[in-house]
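2 protein chains.
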Amino acid sequence: MADNMLSFRGFESEISSGQPLEEMIYGIMKKAIIYGRIMPGERLTEASLSEELNVSRTPIREALRKLAFVKMVEIKPNKGATAAKLSPSDVEEIYTLAAILEGAAAQRAVEYMGSDDVEKMKAYQSQMKDAAIHNDYESWLDLNNRFHGTFVHKCNVPSLIELIRERIERIPYSWFFIVMRPDPLKIYMEAHEMIIKAFLKKDAELVRSLVENHITTNSQILQGYLKKIKII
Amino acid sequence: MADNMLSFRGFESEISSGQPLEEMIYGIMKKAIIYGRIMPGERLTEASLSEELNVSRTPIREALRKLAFVKMVEIKPNKGATAAKLSPSDVEEIYTLAAILEGAAAQRAVEYMGSDDVEKMKAYQSQMKDAAIHNDYESWLDLNNRFHGTFVHKCNVPSLIELIRERIERIPYSWFFIVMRPDPLKIYMEAHEMIIKAFLKKDAELVRSLVENHITTNSQILQGYLKKIKII
DNA sequence: GAGCACTTTATTGCATACAATATAGTTTTC
DNA sequence: GAAAACTATATTGTATGCAATAAAGTGCTC
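For the record, the sequence lines run as chains V and W.
Numbered according to our numbering, the first sequence terminates at residue 281, and the numbering increases by one at each position without gaps.
Numbered according to our numbering, the second sequence terminates at residue 281, and the numbering increases by one at each position without gaps.
I should point out that these hints are in silico values taken from the structure, not numbers from a laboratory.
Careful, some of the hints might be misleading.
Same chains, same names: a pair is fine if it fits in one copy or spans any two.
In silico BS3-like links for lysine-lysine, alpha-carbon gap of 30 Å or less [to be verified]: (1) K203 / K235; (2) K203 / K276; (3) K79 / K134; (4) K80 / K128; (5) K277 / K169; (6) K276 / K246; (7) K203 / K120; (8) K277 / K178; (9) K128 / K79; (10) K246 / K171; (11) K277 / K235; (12) K80 / K169; (13) K80 / K120; (14) K120 / K79; (15) K250 / K171; (16) K125 / K203; (17) K120 / K276; (18) K134 / K203; (19) K251 / K171.
Start from the sequences and build out the full structure, keeping to the hints where you can.
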């Protein structure tokens, strides 16, 4: 391992790219949490992280506090940090807010979307069908992010986009694959079709309610599976 | 000054109440920003704050980073922190989100509001009229917070409540007094009346749109004055 | 053996020292 | 005199040491 590399559970980051250590550690640990290399509830002592990352406790403390802000770790004064556990109600809240926020973003986006944007959404949608047929779930997920990103980024409210991203990031990456079964996928894709049509009609209120329902439905399906396979 | 007191520009906080210094500093500085004791754009060097607060740089750094998270200060790597300036578009965004979030909270609250809650809102509303007549704007503002808080806290989504509070806190306290003139107040109070009626009808969708419009209208009125008196 | 005081250990909170970086000022060069 | 190179200063970033707190273990009392 080159000594100008920050390495943590398979994730790496080059030191001395102008970015402070604190931010790099924040980024690398966030990834580790999203991708399950840090398990929920895992105790994160400053000393052990310090050793694992080969840096002092100072930037680690600051990274942990940032992670606490986005609720990925929980810090109790004088007791320390643990990777956050997502309770059923946490999951529900995350999606409740995601639905509200993304619905609002979509509503606002109607005004700013060009026909090229809707075309992009159509293209993603058709590519998603292909990906689903070939069981290429990785691509499917990427395309889905692009689909949603297309209108979210057109809402003209940067902080709203940020809030939406913050919610989505709290969902472990692996969970997105849980719902990738024929029936949920069918429901999912049909919702996208309706959303596309609503954007074509430029019916902002319809777009809002469709997007909100789309996310809520998906949330309920996910929560059902999570409960059934005893993840939460 | 007792040496177990943390003092900062007129605000004080007792040390050794179990709370870490970092949090106390965060709280005290947040107040100082909200109440205008720290001016927007003011440079906040760790050393000067350290001297002013009689603590080391460490808890100050952590407090500054927390404040950066709620966008009350801006931190540039290797350059340091400044008290955030609210640009016209920042103000617009804050209120845009506040309207979305509080509208959603209100909509959800309809289900959980008891008739006693609506009675409370009516009571606050009538007290606000009195306060307005006697030009007791301080009380008016407090009652207004209670009025809004009544339904916001009934939305059953704690993180939504938190997000709303975070937006409101970014508005300098003094600004709330700017709009306290006869015409805006009349519009404001009429909106409240309509909101109360909508809650009585338990019409969630109507409540949502009324609350959203109420906040948006208020925002536009405030922004108009801010521009006229050249605050932003 | 359960409950309690005491001691030990682990860990965070805070303070401080040093290193790295950015800024301002100064000199040098043309 | 303007631009560039250098120097000095201020400030943040990081490492480390010590203090305060919490948790775990130990022995004592009954």
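Verification of the hints:
no., hint, result
1, K203 / K235, "within (26 Å within a copy, 35 Å between copies)"
2, K203 / K276, "between (35 Å within a copy, 27 Å between copies)"
3, K79 / K134, "both (14 Å within a copy, 29 Å between copies)"
4, K80 / K128, "both (24 Å within a copy, 27 Å between copies)"
5, K277 / K169, "neither (36 Å within a copy, 43 Å between copies)"
6, K276 / K246, "neither (33 Å within a copy, 40 Å between copies)"
7, K203 / K120, "both (27 Å within a copy, 23 Å between copies)"
8, K277 / K178, "within (27 Å within a copy, 54 Å between copies)"
9, K128 / K79, "both (21 Å within a copy, 25 Å between copies)"
10, K246 / K171, "within (10 Å within a copy, 43 Å between copies)"
11, K277 / K235, "within (20 Å within a copy, 54 Å between copies)"
12, K80 / K169, "within (28 Å within a copy, 46 Å between copies)"
13, K80 / K120, "both (14 Å within a copy, 23 Å between copies)"
14, K120 / K79, "both (11 Å within a copy, 20 Å between copies)"
15, K250 / K171, "within (14 Å within a copy, 41 Å between copies)"
16, K125 / K203, "between (38 Å within a copy, 27 Å between copies)"
17, K120 / K276, "within (22 Å within a copy, 37 Å between copies)"
18, K134 / K203, "between (33 Å within a copy, 25 Å between copies)"
19, K251 / K171, "within (15 Å within a copy, 39 Å between copies)"
The structure does not agree with the numbered hints 5 and 6 stated previously, though it agrees with the rest.
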